[in-house]
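Enquirer: Read off the chains here:
Protein chains: 2
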Amino acid sequence: MSKKRIIILGGGFAGANTALQLERKLRRREDVEIVLVSKENYMVFQPMLPEIISGNIGILDTVTPIRRLAPRTELFIRDVEHVDIAKQQVTLSPGFESASTVLDFDHLVVTLGNVTDFRRMPGLHDHAFPFKNLVHALRLRDHLIRVLSEAAITDDPALRKQLLTFVVGGGGFSGVEVCAELNDFVRSCAKRYFKIDPSEIRVLLVHGGERILNREMPECLALYAQNLLQKRGVEFIFNMLLASATPEFAILGDGQRIPTRTLVSSVPSSPNPVVLRLDVPLDRGRIKSDLKLQVEGFDNIWSLGDCALIPNPKEEGFCPPTAQFAVRQAKTCANNIVAAIDGKPQSDFTFTELGKMASLGHRRAIIRMFDRVNLHGFVAWMVWRMAYWVKLPGFDRKIKVGMSWLMDIVCGRELVQTGMDQPTSLVEAHFETDEMVVRQGDSRTGVSIILAGKAVILSESGDGEPQVVGELGPGDCFGVIEFLDKSLAQNSIRCTETLDIVTYNQQELEPLLLLPEIRRSFENLRPEQKE
Amino acid sequence: MSKKRIIILGGGFAGANTALQLERKLRRREDVEIVLVSKENYMVFQPMLPEIISGNIGILDTVTPIRRLAPRTELFIRDVEHVDIAKQQVTLSPGFESASTVLDFDHLVVTLGNVTDFRRMPGLHDHAFPFKNLVHALRLRDHLIRVLSEAAITDDPALRKQLLTFVVGGGGFSGVEVCAELNDFVRSCAKRYFKIDPSEIRVLLVHGGERILNREMPECLALYAQNLLQKRGVEFIFNMLLASATPEFAILGDGQRIPTRTLVSSVPSSPNPVVLRLDVPLDRGRIKSDLKLQVEGFDNIWSLGDCALIPNPKEEGFCPPTAQFAVRQAKTCANNIVAAIDGKPQSDFTFTELGKMASLGHRRAIIRMFDRVNLHGFVAWMVWRMAYWVKLPGFDRKIKVGMSWLMDIVCGRELVQTGMDQPTSLVEAHFETDEMVVRQGDSRTGVSIILAGKAVILSESGDGEPQVVGELGPGDCFGVIEFLDKSLAQNSIRCTETLDIVTYNQQELEPLLLLPEIRRSFENLRPEQKE
Numbered sequence: 001m002s003k004k005r006i007i008i009l010g011g012g013f014a015g016a017n018t019a020l021q022l023e024r025k026l027r028r029r030e031d032v033e034i035v036l037v038s039k040e041n042y043m044v045f046q047p048m049l050p051e052i053i054s055g056n057i058g059i060l061d062t063v064t065p066i067r068r069l070a071p072r073t074e075l076f077i078r079d080v081e082h083v084d085i086a087k088q089q090v091t092l093s094p095g096f097e098s099a100s101t102v103l104d105f106d107h108l109v110v111t112l113g114n115v116t117d118f119r120r121m122p123g124l125h126d127h128a129f130p131f132k133n134l135v136h137a138l139r140l141r142d143h144l145i146r147v148l149s150e151a152a153i154t155d156d157p158a159l160r161k162q163l164l165t166f167v168v169g170g171g172g173f174s175g176v177e178v179c180a181e182l183n184d185f186v187r188s189c190a191k192r193y194f195k196i197d198p199s200e201i202r203v204l205l206v207h208g209g210e211r212i213l214n215r216e217m218p219e220c221l222a223l224y225a226q227n228l229l230q231k232r233g234v235e236f237i238f239n240m241l242l243a244s245a246t247p248e249f250a251i252l253g254d255g256q257r258i259p260t261r262t263l264v265s266s267v268p269s270s271p272n273p274v275v276l277r278l279d280v281p282l283d284r285g286r287i288k289s290d291l292k293l294q295v296e297g298f299d300n301i302w303s304l305g306d307c308a309l310i311p312n313p314k315e316e317g318f319c320p321p322t323a324q325f326a327v328r329q330a331k332t333c334a335n336n337i338v339a340a341i342d343g344k345p346q347s348d349f350t351f352t353e354l355g356k357m358a359s360l361g362h363r364r365a366i367i368r369m370f371d372r373v374n375l376h377g378f379v380a381w382m383v384w385r386m387a388y389w390v391k392l393p394g395f396d397r398k399i400k401v402g403m404s405w406l407m408d409i410v411c412g413r414e415l416v417q418t419g420m421d422q423p424t425s426l427v428e429a430h431f432e433t434d435e436m437v438v439r440q441g442d443s444r445t446g447v448s449i450i451l452a453g454k455a456v457i458l459s460e461s462g463d464g465e466p467q468v469v470g471e472l473g474p475g476d477c478f479g480v481i482e483f484l485d486k487s488l489a490q491n492s493i494r495c496t497e498t499l500d501i502v503t504y505n506q507q508e509l510e511p512l513l514l515l516p517e518i519r520r521s522f523e524n525l526r527p528e529q530k531e
Numbered sequence: 001m002s003k004k005r006i007i008i009l010g011g012g013f014a015g016a017n018t019a020l021q022l023e024r025k026l027r028r029r030e031d032v033e034i035v036l037v038s039k040e041n042y043m044v045f046q047p048m049l050p051e052i053i054s055g056n057i058g059i060l061d062t063v064t065p066i067r068r069l070a071p072r073t074e075l076f077i078r079d080v081e082h083v084d085i086a087k088q089q090v091t092l093s094p095g096f097e098s099a100s101t102v103l104d105f106d107h108l109v110v111t112l113g114n115v116t117d118f119r120r121m122p123g124l125h126d127h128a129f130p131f132k133n134l135v136h137a138l139r140l141r142d143h144l145i146r147v148l149s150e151a152a153i154t155d156d157p158a159l160r161k162q163l164l165t166f167v168v169g170g171g172g173f174s175g176v177e178v179c180a181e182l183n184d185f186v187r188s189c190a191k192r193y194f195k196i197d198p199s200e201i202r203v204l205l206v207h208g209g210e211r212i213l214n215r216e217m218p219e220c221l222a223l224y225a226q227n228l229l230q231k232r233g234v235e236f237i238f239n240m241l242l243a244s245a246t247p248e249f250a251i252l253g254d255g256q257r258i259p260t261r262t263l264v265s266s267v268p269s270s271p272n273p274v275v276l277r278l279d280v281p282l283d284r285g286r287i288k289s290d291l292k293l294q295v296e297g298f299d300n301i302w303s304l305g306d307c308a309l310i311p312n313p314k315e316e317g318f319c320p321p322t323a324q325f326a327v328r329q330a331k332t333c334a335n336n337i338v339a340a341i342d343g344k345p346q347s348d349f350t351f352t353e354l355g356k357m358a359s360l361g362h363r364r365a366i367i368r369m370f371d372r373v374n375l376h377g378f379v380a381w382m383v384w385r386m387a388y389w390v391k392l393p394g395f396d397r398k399i400k401v402g403m404s405w406l407m408d409i410v411c412g413r414e415l416v417q418t419g420m421d422q423p424t425s426l427v428e429a430h431f432e433t434d435e436m437v438v439r440q441g442d443s444r445t446g447v448s449i450i451l452a453g454k455a456v457i458l459s460e461s462g463d464g465e466p467q468v469v470g471e472l473g474p475g476d477c478f479g480v481i482e483f484l485d486k487s488l489a490q491n492s493i494r495c496t497e498t499l500d501i502v503t504y505n506q507q508e509l510e511p512l513l514l515l516p517e518i519r520r521s522f523e524n525l526r527p528e529q530k531e
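Protein sequence lines, in the order shown, are assigned to chains B and X. Numbering of the first sequence is given in this note's numbering, commencing with residue 1 and proceeding in unit increments. Numbering of the second sequence is given in this note's numbering, commencing with residue 1 and proceeding in unit increments.
Incorrect hints may appear among the rest.
As the list claims (entries may be wrong) - Below, in silico cross-link-like pairs of lysine-lysine (DSSO-like), each with a Cα-Cα straight-line distance of 30 Å or less:
no., chain 1, residue 1, chain 2, residue 2
1, X, K39, X, K356
2, B, K3, B, K191
3, B, K161, X, K3
4, B, K191, X, K4
5, X, K161, B, K4
6, B, K191, X, K3
7, B, K391, B, K39
8, B, K132, X, K39
9, X, K39, B, K161
10, B, K398, X, K195
11, X, K87, B, K39
12, B, K4, X, K191
13, X, K3, X, K292
14, X, K356, B, K391
15, X, K132, X, K398
16, B, K25, B, K3
17, X, K398, B, K398
18, B, K39, B, K25
19, X, K195, B, K87
20, B, K292, B, K39
21, X, K3, X, K87
What the hints assert, rightly or not - Ranges of calculated distance between the beta carbons of each label pair, as one might list FRET restraints:
no., chain 1, residue 1, chain 2, residue 2, range
22, B, M369, X, W389, 41 to 49 Å
23, X, S93, B, E33, 48 to 56 Å
24, B, P71, X, L488, 29 to 37 Å
Just so you know, the hints here were simulated from the structure itself, not pulled from any lab data. Where is the CB? At the ideal position from N, CA and C, for every residue including glycine.
For reference, chain B alone in the conformation it holds in the complex:
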């Protein structure tokens, strides 16, 4: 008799908990195997992620290794390349092998969540920090330390102002929590930099609503949070959305340019592209599932969590995309899959939301429970931590996290960079009209290709106004002379409308010149020198 195989796509709360619940139901059964496909080998507890910024908890304490949660599940840390529902096959990106891996399934559980999507906001993909997983959190943390270090040594007041301005987009749960932790971190760290005047630090929260958490929390709690953050130095810009971003500016809906090197945006999420390519009924980019968590029209395809559109069992509308719902859905889904395999009756998902919480850093939080009780301040923060702590898997992890919280009371901020903030070889950048893209004499240039927009080449001679010596448009490139001659920037480049470019690091492009054919092309691209 061949084994039945259940494949779960996605290792977030919904996916990992489905595996966990399946293992519990299937204990000692050899006739079913569980496969989980995830991009990361850990499950992130999103609400704790902002605490990584401040280093209040150990870096690894916010996340739970999936293997620990579901030790008998086969875990594939791979990308999903293709799902063939008719053939009941999933194709995964290669591991150490050179070819893709194809797996057959009897039941498929889709819990792919959604992805950050900055497409409608020019430049945010290139210049804003997303904040969804551990790598994002570590990268932002490294960047904040770098920005403070550079602010402490620069002699240029304009640059220092940019470096010490921090902009967070979005006043929902994630935006508020990130903003609170970021504000705490930069202000307390700055004390270690004797050349930084704390009053120079600005932390701005840009939000589309008229107050923070306007959709998520009752007014009294939201205002409490708002006042608390304001007292700690956060400035708010309400009724305003981020419009775009460039290397040196965050640009608001009304055109205002805020000079900054740190823009965090928690706002836009869109359906996972893998979900969009699935041959299942979708509504608003989410998979239509019923209360059994079965996808409409299928009896072996299941979907839950943020990527699924599931009727809310207790209220009008649909289940919100929260961990609370995902965990309960996972339990129902696992039960129903086992029932399906065994030919037993399936049951409906049912759950009433317990409450909503937001941490505000510095031992303060706000909580709304059972749609009736409001808590705020230190007590709420204690409840928030306890609620998380109870859910930690395993006794030893509970102790470890408990201890690092205790330690936090006596210990100072951690200033070590983990080295995540590494330069990459290929960088995309967006500029708004009239920004300087390259300044004559710059030492760090690369070969840039214009994807969209226009720019002028300026020659700055010793005296007076820079002269326009050329124009550039889509498909044109600049930086070739500097690349071939290893020289400083020969000219300045200023864009005359919004400009999108992609820039190759010189060093990384170097080996291509070994190909005589390619070298000749680059030589041909070298513009005529002006005398």
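Knowing the structure of chain B, use the given hints to seat chain X on it.
Expert: For chain X alone, coordinates are given in the frame of chain B:
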């Protein structure tokens, strides 16, 4: 009156401690400023680094932020581009500015250590894990978890064997310590992977001597360590050096090829290139300093630590490159610089080595003290930890590290990947004669350029032997058809002598095709199709 500026290049034990000692001596003096230039914002305690692999201690506990150690020092996290000793100027790579930073100095302290250098061992640069800093340790740790995860799900026995074979090159302190921790980690982690048979795991230590630690430790201690590691499953290959490495093999001096995906090499270090370019007297790549730590022929240039050649005050020969010596040299150097500024007499460096220690993981260590006393086992491990703990800067850090050590007794292994093991866009690779470089049908290819060596193009048709359809040599490339057509590998490539290639990720190269000139060149590079 203008301030005197002391610039310290390098943030290792020697550099950071020089800053610390200078701050102590110069407290409240406004006439001198201290600048420290370092690649990282933390100082690594090398002997603790291997513990990161096993996660016995918190990731950040092995390192000390320099800012904490020397809060009044201006810290530049930059690369040194150029030192002009005659002009008394140092040029640093740009920060957020676009141009390099130039700083004048009155006194220059060179503590640039040395760098990992695999140049004499083909392929090690591309395929071996170095082990000198935090990023290296985190990257290796992520890789080990990945290798175990893939071993647990592959159906290919040859690949599984490769994945579960771990090779460490070098049986000195660093090699032995890394090997001990790596062995502990993979063996204890493997228990969580129900599909991995622990007896399949091989950990090999390759060493040029006839026993481990043959230069560093007396025979009885070395043999104790060797037996202990052997009992825990480490295999030794003595009187043998690593010769080269390829993506799938570690190759020994006698030509033996060990199939592995994990090769750690602690062996080769060479002078820092910045030191080699300095206009100061060098001997064997090290800067000639006297017992005052002054560089021969200069009264404002100082050098200490691993990059300096300093007579050993108590014995024949020169100071060994150890943290113990660096710390004491730093104190003398700081005193002498302040004496020089104040026109007071300078003193000589003097120090007798206290002892040598090696940790063997799992609460065991060996120690040689005062050239007389030998300690081994648990007691030695306790002494080793205490010796480190005493040196931790700050009370809160002491508590934190102490607690994570206590926690370690109750807690299991941490399996979370931090995400350091990211694929890069430009990959260099080395192959030995007759290895397969590309297999027909591979899905993950790129555009590769041959730097050295020769290869043949093979066409594998349905039946029988692959046919040679072309030859490749230096300056040739392959993977262009697959890049332009987005297809699977059309042919196999096998090298006919040792081969060095550099491979561009297809996606990263894509934007270059926007340049018509370059696209045409790639089209021209497309070889004639065989019918």
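Enquirer: Does each hint fit the structure? Answer for all of them.
Expert: Comparing the hints with the structure gives:
1. With a C-alpha separation of about 28 Å, the suggested pairing of X:K39 with X:K356 holds against the 30 Å cut-off.
2. The hinted pair formed by B:K3 and B:K191 fails the criterion: a straight-line CA distance of about 61 Å is larger than 30 Å.
3. Taking the CA atoms of B:K161 and X:K3, the gap is about 26 Å. The hint holds against a cut of 30 Å.
4. At roughly 25 Å between alpha-carbon atoms, B:K191 and X:K4 fall within 30 Å of each other, so this suggested pair holds.
5. A distance of roughly 28 Å separates the Cα atoms of X:K161 and B:K4; the hinted pair therefore holds under the 30 Å criterion.
6. A hinted pair counts as satisfied when its Cα atoms are at most 30 Å apart, and B:K191 with X:K3 qualifies at roughly 24 Å.
7. The straight-line distance between the Cα atoms of B:K391 and B:K39 is roughly 22 Å, inside the 30 Å bound, and the hint therefore holds.
8. Restraint check for B:K132 and X:K39: the C-alpha separation of about 28 Å stays at or below 30 Å, so the hint holds.
9. Annotation: proposed proximity of X:K39 to B:K161 holds, straight-line Cα distance about 24 Å (limit 30 Å).
10. For the suggested pair B:K398 and X:K195, the alpha carbons sit about 28 Å apart, so the restraint of at most 30 Å is met.
11. Restraint check: the Cα-Cα separation between X:K87 and B:K39 comes to about 53 Å, which exceeds 30 Å; the hinted pair is violated.
12. The straight-line distance between the Cα atoms of B:K4 and X:K191 is roughly 25 Å, inside the 30 Å bound, and the hint therefore holds.
13. Between X:K3 and X:K292 the CA atoms are separated by roughly 24 Å; this keeps the pair inside 30 Å, and the hint holds.
14. With a CA separation close to 45 Å, the supplied pair X:K356 and B:K391 exceeds the 30 Å bound.
15. The hinted pair formed by X:K132 and X:K398 meets the criterion: a straight-line CA distance of about 23 Å does not exceed 30 Å.
16. Distance check on the hinted pair: B:K25 and B:K3 sit about 16 Å apart at the alpha-carbon level, within 30 Å; holds.
17. Restraint check for X:K398 and B:K398: satisfied, since their Cα atoms lie roughly 22 Å apart, inside the 30 Å limit.
18. As the CA atoms of B:K39 and B:K25 are separated by approximately 25 Å, the hinted pair is consistent with the 30 Å bound.
19. Only pairs whose Cα atoms come within 30 Å are accepted, and X:K195 paired with B:K87 is accepted, the gap being roughly 27 Å.
20. Straight-line distance between C-alpha atoms of B:K292 and B:K39 comes to about 26 Å, which keeps the hinted pair within the 30 Å bound.
21. Using a Cα cut-off of 30 Å, the hinted pair X:K3 and X:K87 holds, with the two alpha carbons roughly 17 Å apart.
22. The hint said 41 to 49 Å for the Cβ distance between B:M369 and X:W389, and at roughly 44 Å that hint holds.
23. Checking the proposed 48 to 56 Å range against X:S93 and B:E33 shows it holds: the Cβ atoms sit about 52 Å from each other.
24. For B:P71 paired with X:L488, a C-beta distance near 36 Å keeps the hint of 29 to 37 Å intact.
Checked against the numbered hints above, the structure breaks hints 2, 11 and 14 and satisfies the rest.
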